[in-house]
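Novice: Chain residues, written in single-letter form:
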Amino acid sequence: MNARAELPVVAPGTRTDTGYIGKSIPRANAKRLLQGRGAYTDDLRFPRLAHIVYFRSPHAHARIVHLDLSKAKQSPGVIAVFDGRAIATVCTPWVGVLGHLKGIKSAPQHPVAIERACWQGEAVAAIVAETRAQAEDALQLVEAEWEELPALTDMETALAPGTPVIHPELGDNLCFHRELDTGGVDDAFSRADLVVEETYHFGRHTGVTLEGRSIVADYNPAQHTLTVYQATQAPHMMQDVFSRHLNIPEANVRVVTKDVGGSFGIKVHVYPDEVAAAAISVLLKRPVKFVADRMESFLTDIHAREHRVRARLALTKEGEFLAFEIDDLTAIGPYSVYPRTSGIEGNQVVNLTGGPYAHKQYRARLDVVFTNKNVTCQYRAVGHPVAVAVTEGIVDLAALKLGMDPAELRRKNLIADDAYPCTSASGMKFELLSHHQCLDKLLALMDYRKLRAEQAELRTQGVYRGIGLAAMIEVTNPSPAFYGVGGARISAQDGATLRLEPTGMVTVMVSVTEQGQGTEAVFAQIAATVLGLTMDKIKVVTGDTEVTPYGGGTWASRGAGIGGEAVLQAGKALKSNILDVAAAMLNVDKSTLDITANEVFDKITGATRMPLSEVGRVGYFRPDTLPMTFQAELTVTRHYTPRTYGFTFTNGIQASLVEVDPDTGFVKLLKHWAVEDCGTVLNPMLVDEQMRGGIVQGIGAALFEHCIYSEDGQLQNGNLADYLVPMSGEMPDMLIAHVSSPTKTSELGAKGAGEAGTAGAPAAVMNAINDALAPFQARVTAQPFTPEKILRALGKV
Amino acid sequence: MAGKRQTAIIVNGVTENRAVEPRTHLIDYLRDELGLTGAHAGCEHGVCGACTVRVDGQIVRGCLTLVVQTDGKRVDTIEGLSDSGELADLQKAFHEHNALQCGFCTPGMLMAAQDLLREKPDANRDEIREYMSGNYCRCTGYQAIVDAVEEVLAARKQGVRA
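Residue numbers (this note's numbering), protein chains in the order written: chain A, -5 to 791; chain B, 96 to 257.
Watch out, some of these pointers could steer you wrong.
Only pairs whose alpha carbons sit at most 16 angstroms apart, straight line, appear in this in silico EDC-like list of lysine to aspartate or glutamate [stated by the list, open to error]:
1. K67/A with D180/A
2. K25/A with D184/B
3. K25/A with D178/B
4. K584/A with D574/A
5. K662/A with E225/B
6. K665/A with D221/B
7. K252/B with D217/B
8. K67/A with E130/A
9. K67/A with D131/A
10. K67/A with D77/A
11. K444/A with D434/A
12. K25/A with E191/B
13. K662/A with D574/A
14. K665/A with D441/A
15. K168/B with E111/B
16. K597/A with D574/A
17. K662/A with D221/B
18. K17/A with E191/B
19. K354/A with D180/A
A few chain A residues that don't get close to chain B, going by computed Cβ distances all over 12 angstroms [as the list claims (entries may be wrong)]:
20. L61
21. L188
22. K354
23. K584
24. Y614
None of these hints come from the bench; they were simulated from the model. Here the structure is a predicted model, which means the values were calculated and not measured. Even for Gly, the Cβ is constructed at its ideal location relative to N, Cα and C.
Please model the complete structure; the sequences and the hints are all you need to start from.
Specialist: Given below as structure tokens:
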């Protein structure tokens, strides 16, 4: 056919630009960070700022017999000293429980310990001085007499009879227990052709944000107002916490979050030393600052993922999965962390194990126990890395026993792409996932067959390479079912306010915060696209409870999906209002007008009618020229709450290629691949590097990172020299690809992407190592997989 | 406390005359005394590289260097090298590759990258990864950083030839 005879796709004159969504646009706010002109909390300067340091317990569990702060008080530059009782005069304690985690219990926790310290590093006194150095000098003069109490550090003994109970008033050391049983599990195991079982251990590790936790609290007694500058992911949540525990009206508490030097879930919790800083500002009536140094960070930033999971999988000889069963024991330290609790991680392991697969029978048992180590709580990918490693580890073990290719065994059991909507064995509701498309894309991307052939060839030469796959699902865009229903004052909705400025620019104020993931950039892309503006006309403001609408902030891979939808809806509303003004000015039907490239144009003729600056000029300065009954509304606010599903699940699959040296136990990461379906991709460049960063964090857990405690509860490697983190030299190149199944729960269609890398990487690396070790009939199942553990598995040490 | 000691340090081209305690680290002097907050304290024992600045042209850890050691020397920070334009191509490449997220490591990372570009102009990708291994980044997967450095390295070589 002659191409010229075809009808044009769109009518002549139609403007067809699709805007900025889906384009790899560099982040505007990165420029200040590149010039060292960011404003992290510790960069801020205040008159009369005093500096706080904490005297912390050197013991894992000890009664404070006597605490003498008098010498410290006399030290040069010291302004004040406080013990726990002094802080408690202005600040109430809290208990980290949630109503929907049935039976969860914890003990009241004070910002500064009174009478007893329950982990090494718990703050027991505060020293405030003119400079930090002076406060640290005074710290050396604190005299404390302790009565050491038995330290519970082995979670396996936490529930045993005779083990001392950390909080006697709770009756035992059990924080939370959950059982899930679909029924029919015993039957499935009895009729299985093959049952595989294995126990997986996960080393407690932590987030290691490069910026330590930081807070400046500034109480003004004249107005009974508290302004807090804080490196936090959830400013409104913190506003509520400061308000309630310091008894200051909510509207008098302002939380400002400027640049944040990494979060990953570390900075979404209530930390005793930060709340104490606010209390100290109230007591001293002046601004005070606390910044955690690196050793304090290791001792007091939440840890995560100390789990022991026994897993079983029942299969037919054809490789069909019949049932999964797990028994998860996890230790969380002496308190459930407020207000999100420390029960969520284990709860997620129960919810997510086996998640990608179509089996119907599942049984899980979870015990969350108290110990005398630092507290644990939600850290990037919460529970996913454990659930994915258990699931994918045992699936690979089954493939090995069946003599079946691991990719084929997965293909046989992954939920079919046309099966949605559906519900998993654990009860999770899936709107639309794409496991098979992702698997196919991954295998093509990595050239799986060629790699397998190469692997076989190299083995004959004594080179041991391994290929590991890890399929996964991920919780994103959580509804109020995550926290709100349990009574936590944590918002699952977010809001966006868009204001047309008189010059035609638009200011976008959103309750989701920016920690470098590119929140502000994608909000600008969405706003510009919806409004028909160029990116340079958009200014995004986040991180100030006094400026933005109310909202949840940044956690659970929710910012783009929830905040982005609020921006989109607000943008549509503002555009409509702008066109109302333009239509009134032009005395034409509004439906004939649209906006592109910062101008209102006539949709029929394509002719430009006016720039937005003209709408702004008339709307703000000459409304007298508009019809008498017409009021221009050039600021709008919209909110969005995901409600159709408890969570908007995403899916993906990763692969790792490693080479293991059987003589040294060293693992060389050769390459890593990931295919991810986060629905609408807003900015591929940002998503891809965020995926890579997540993968590297997962690799850290798999190979290096471990908070090592002695039997008496002393952290042995609480510094960056001894606690190993991934550096550029050991990291592989990572190929990222996408399948896009937009969620229909929002117009934007975006699901979350922030945690997928961390969720899947440890399992992929573990499976790759075990694949490499297969010729030796050796396996490793206890993260991190250090050379020593690999050599032990090989029987060489 | 020992008495203060007078220092004269050329910071970003300007001579700063300050009395400092001998125990003061360079990073604290830059941040607290001069208000140059671009370099950050990350680990405070020389591992993470967030405090990297230049002393007489050599990159050093601001947390391991005492300020009195730099008396009479020239200290260059991210602020100065941004204003002079020395890092402009690196900053542009980092921006275009999204080689930063939270940005806390970035000033130190740029210092190390500039040092690499001067010391190892023929570095390959693996050598870039190795050279940058003294700077910790928790956000990116390092890949975008390596991509950005590789691009500038190639461009500068091109520039030399041109």
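Novice: So, for every hint listed, does it hold in this structure?
Specialist: Structure-based check of each hint:
1. K67/A with D180/A: Judged against 16 angstroms, a Cα distance of about 66 angstroms means the pair is violated.
2. K25/A with D184/B: holds (13 angstroms)
3. K25/A with D178/B: holds (13 angstroms)
4. K584/A with D574/A: holds (6 angstroms)
5. K662/A with E225/B: Measuring from Cα to Cα gives roughly 14 angstroms; hence the hint holds.
6. K665/A with D221/B: holds (13 angstroms)
7. K252/B with D217/B: Distance ~8 angstroms between K252/B and D217/B Cα, so the pair holds.
8. K67/A with E130/A: Answer holds: K67/A to E130/A is near 12 angstroms, not above 16 angstroms.
9. K67/A with D131/A: Given pair K67/A, D131/A holds - Cα atoms ~11 angstroms apart, limit 16 angstroms.
10. K67/A with D77/A: It holds: about 12 angstroms lies between the C-alpha atoms, which stays within 16 angstroms.
11. K444/A with D434/A: holds (15 angstroms)
12. K25/A with E191/B: At roughly 10 angstroms apart (the allowed maximum being 16 angstroms), E191/B and K25/A satisfy the hint.
13. K662/A with D574/A: violated (62 angstroms)
14. K665/A with D441/A: holds (12 angstroms)
15. K168/B with E111/B: Holds, at roughly 11 angstroms.
16. K597/A with D574/A: Holds, at roughly 15 angstroms.
17. K662/A with D221/B: Cα-Cα ~13 angstroms, so holds.
18. K17/A with E191/B: With a Cα-Cα distance of about 13 angstroms, the restraint between K17/A and E191/B holds, given a limit of 16 angstroms.
19. K354/A with D180/A: holds (12 angstroms)
20. L61: The claim holds: L61/A sits with its nearest Cβ about 25 angstroms from chain B, beyond 12 angstroms.
21. L188: Check passes; 37 angstroms lies beyond 12 angstroms.
22. K354: holds (37 angstroms)
23. K584: holds (39 angstroms)
24. Y614: Holds: least Cβ distance 34 angstroms, greater than 12 angstroms.
Hints 1, 13 from the list above are not met by this structure, while the remaining hints are.
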